[in-house]
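For reference, the chains in residue letters:
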Amino acid sequence: MNDQDVSARFGGLLALGLLLLGLLPGAMPQAEAAIQGRLGTDNADCLRCHRMETLGYRDPRSGDLIDLHIDGRQFGHSAHGELQCIDCHEGDFGRYPHPESVLGQRLDCVGCHQELYKADKRPYTFKTIEQEFALSIHAVSDSPKAEGFDCHRCHDPHGFRNSEVGQPIAEIVRADNQLCLSCHEKIRDPHSAAHLWLPKRDKHWQSVRCLDCHTPLTDPGRPVSHQILAAKDSNFDCVSCHSKEARLLGRLYQYRSETDLAGGGWLSKAVFNEAYVVGMSRSPLLDALGLGVIGLTLLVLIAHGWGRYRAYRRLKEDRS
Amino acid sequence: MSALYLYPRWLRVWHWINALLFLVLMYTGASMHFGEGGWLMPFDLAVTVHNTAGILLTLGWIGFAIGNLTTENGRHYRIHLSGFVDRLIVQGRYYAQGIFRNEPHPFHVSAGMKFNTLQQLSYLGVMFGLMPLLILSGWAFLFSVSLPETLLGLPSVWLVAMAHLTLAYLLVLFLLVHMYIITTGETVTTNLRAMITGWHREDEPSSGQTEEAKS
Numbered sequence: 001m002n003d004q005d006v007s008a009r010f011g012g013l014l015a016l017g018l019l020l021l022g023l024l025p026g027a028m029p030q031a032e033a034a035i036q037g038r039l040g041t042d043n044a045d046c047l048r049c050h051r052m053e054t055l056g057y058r059d060p061r062s063g064d065l066i067d068l069h070i071d072g073r074q075f076g077h078s079a080h081g082e083l084q085c086i087d088c089h090e091g092d093f094g095r096y097p098h099p100e101s102v103l104g105q106r107l108d109c110v111g112c113h114q115e116l117y118k119a120d121k122r123p124y125t126f127k128t129i130e131q132e133f134a135l136s137i138h139a140v141s142d143s144p145k146a147e148g149f150d151c152h153r154c155h156d157p158h159g160f161r162n163s164e165v166g167q168p169i170a171e172i173v174r175a176d177n178q179l180c181l182s183c184h185e186k187i188r189d190p191h192s193a194a195h196l197w198l199p200k201r202d203k204h205w206q207s208v209r210c211l212d213c214h215t216p217l218t219d220p221g222r223p224v225s226h227q228i229l230a231a232k233d234s235n236f237d238c239v240s241c242h243s244k245e246a247r248l249l250g251r252l253y254q255y256r257s258e259t260d261l262a263g264g265g266w267l268s269k270a271v272f273n274e275a276y277v278v279g280m281s282r283s284p285l286l287d288a289l290g291l292g293v294i295g296l297t298l299l300v301l302i303a304h305g306w307g308r309y310r311a312y313r314r315l316k317e318d319r320s
Numbered sequence: 001m002s003a004l005y006l007y008p009r010w011l012r013v014w015h016w017i018n019a020l021l022f023l024v025l026m027y028t029g030a031s032m033h034f035g036e037g038g039w040l041m042p043f044d045l046a047v048t049v050h051n052t053a054g055i056l057l058t059l060g061w062i063g064f065a066i067g068n069l070t071t072e073n074g075r076h077y078r079i080h081l082s083g084f085v086d087r088l089i090v091q092g093r094y095y096a097q098g099i100f101r102n103e104p105h106p107f108h109v110s111a112g113m114k115f116n117t118l119q120q121l122s123y124l125g126v127m128f129g130l131m132p133l134l135i136l137s138g139w140a141f142l143f144s145v146s147l148p149e150t151l152l153g154l155p156s157v158w159l160v161a162m163a164h165l166t167l168a169y170l171l172v173l174f175l176l177v178h179m180y181i182i183t184t185g186e187t188v189t190t191n192l193r194a195m196i197t198g199w200h201r202e203d204e205p206s207s208g209q210t211e212e213a214k215s
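So the protein sequences, as listed, match chains A and B.
Going by the numbering used here, the first sequence opens with residue 1, and the numbers climb by one from there.
Going by the numbering used here, the second sequence opens with residue 1, and the numbers climb by one from there.
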């Protein structure tokens, strides 16, 4: 939904509400009291209001529309789906209007996730994520658009869920890339010059995550870094994926292979295995050697055949 | 005219299916390796066809191995060490020189041995060396998640990829030489016809059994 839609629907709802309130003297205190009386602290209570698609307000300082709508179904499927709203949104939300003191909280993912059980024993700790993000273009850019960039810009806490082994690759790629494209929407503009250098651009976009090229190469077995690179620093070298000993290749191939093998029987997955990346078996040396030796052998065989033919002609002449 | 029944039906069926799979694997393998374009097959299709043909090749090889273990055909792959090197030199010399001088074949096909020493050595190397390795590397490709991260200090996927590529080039080389060498029988098509009909026919009577060799 774009800003205009939200604005129009929100405006309409607001006008209707004001009209009703104006027509019904004394209704306001009663309605507020009813809400207050029924407000509890479980998710259903919060979603009674926040599931409304038009719920939002205009920030008086920035003038931006702040969308307060939560998709209950999406939230239920998200990584946080089993949490209670108040696990993160601490404070006196049991009252409406919510008190000024609890509004505008900036929730910090790392702070919470670091307290999780054995968080420091994870192979990829939130401390590392924080350090990587600190070097990310999203953190160091001077662009006003990157101001205040935090985890939530990409990982919507009410909807985000990590991709899982077994999901179709195309679906994972599409979902991952959509995170980037929700802000970098001009990338897919047909007139955009970005990625024009990339051979088979659309094929790459269908098969490869933006992150696969726009993050530094990581060691085998480690997840993709949170250090998002600026366009100029990103991976332009085809050989990094499509060639020998490429760590990026190992990452992509293993990931795709694991995904391929998780979803069905081994035979069907062997047949429909999508993990192979064009050129992953490419080696300029082996190709030159292999094709060279085959070419030379072909010449030798042709010469040998010619020699035999001449011997055969001699034999026929001798006999005649 | 002598005739020896040297290629039983199961062997001929296996051979021609194997030959077809070889061609399919070469074409689809090249399409995957070099990427689509020109005369190559579309990449997505090439992957599926290559995987399928690879699985069929595996089944075919298992059938071939069992066939040679359980029938008399296996005897043609047993190396007789006595005079082995001499036979190898004589055969090599014939291909390098004698064949151009219209010298008689140093080897005569018999019911006991249908391959000359060079053929025997190359078929042994291909069928019991290169082919199993190629098949194993192909399966390792498909199930590489089960491999360790590194092998011999190198990334295992890369190692598997390079092994598969090298073996594929060697087998393409074999196919070329094989297709040429079969024309060096008594006539250009003697060996080809034998693999189609099962009967090896020569004008000169060969030592050993003749028509009655059919069993």
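FYI, nobody ran anything at the bench for these hints, they're computed from the structure.
Just so it is clear, CB atoms sit at the ideal spot from N, CA and C, and this is done for glycine as well.
Where hints are given, some of them may not hold.
Quick look at which bits of chain A chain B covers, simulated, 3 or more residues with Cβ under 8 Å [unchecked claim]: (1) 289-298; (2) 302-308.
These stretches of chain B come out as covered by chain A in the derived footprint (C-beta under 8 Å, 3 or more residues) [to be verified]: (3) 18-26; (4) 97-111.
Status of the hints after comparison with the structure:
1. As drawn, the region 289-298 of chain A meets chain B at 7 residues by the rule of a beta-carbon pair under 8 Å; at three or more, the given contact holds.
2. For the region 302-308 of chain A, the proposed coverage by chain B is satisfied: 4 residues have a C-beta within less than 8 Å of a C-beta in that chain, meeting the threshold of three.
3. Counting residues of the region 18-26 of chain B whose beta carbon lies closer than 8 Å to any beta carbon of chain A gives 0, which falls short of the minimum of three for the stated coverage.
4. A stretch counts as covered by a chain when three or more of its residues have a beta carbon under 8 Å from one of that chain; for the region 97-111 of chain B and chain A the count is 4, and the coverage holds.
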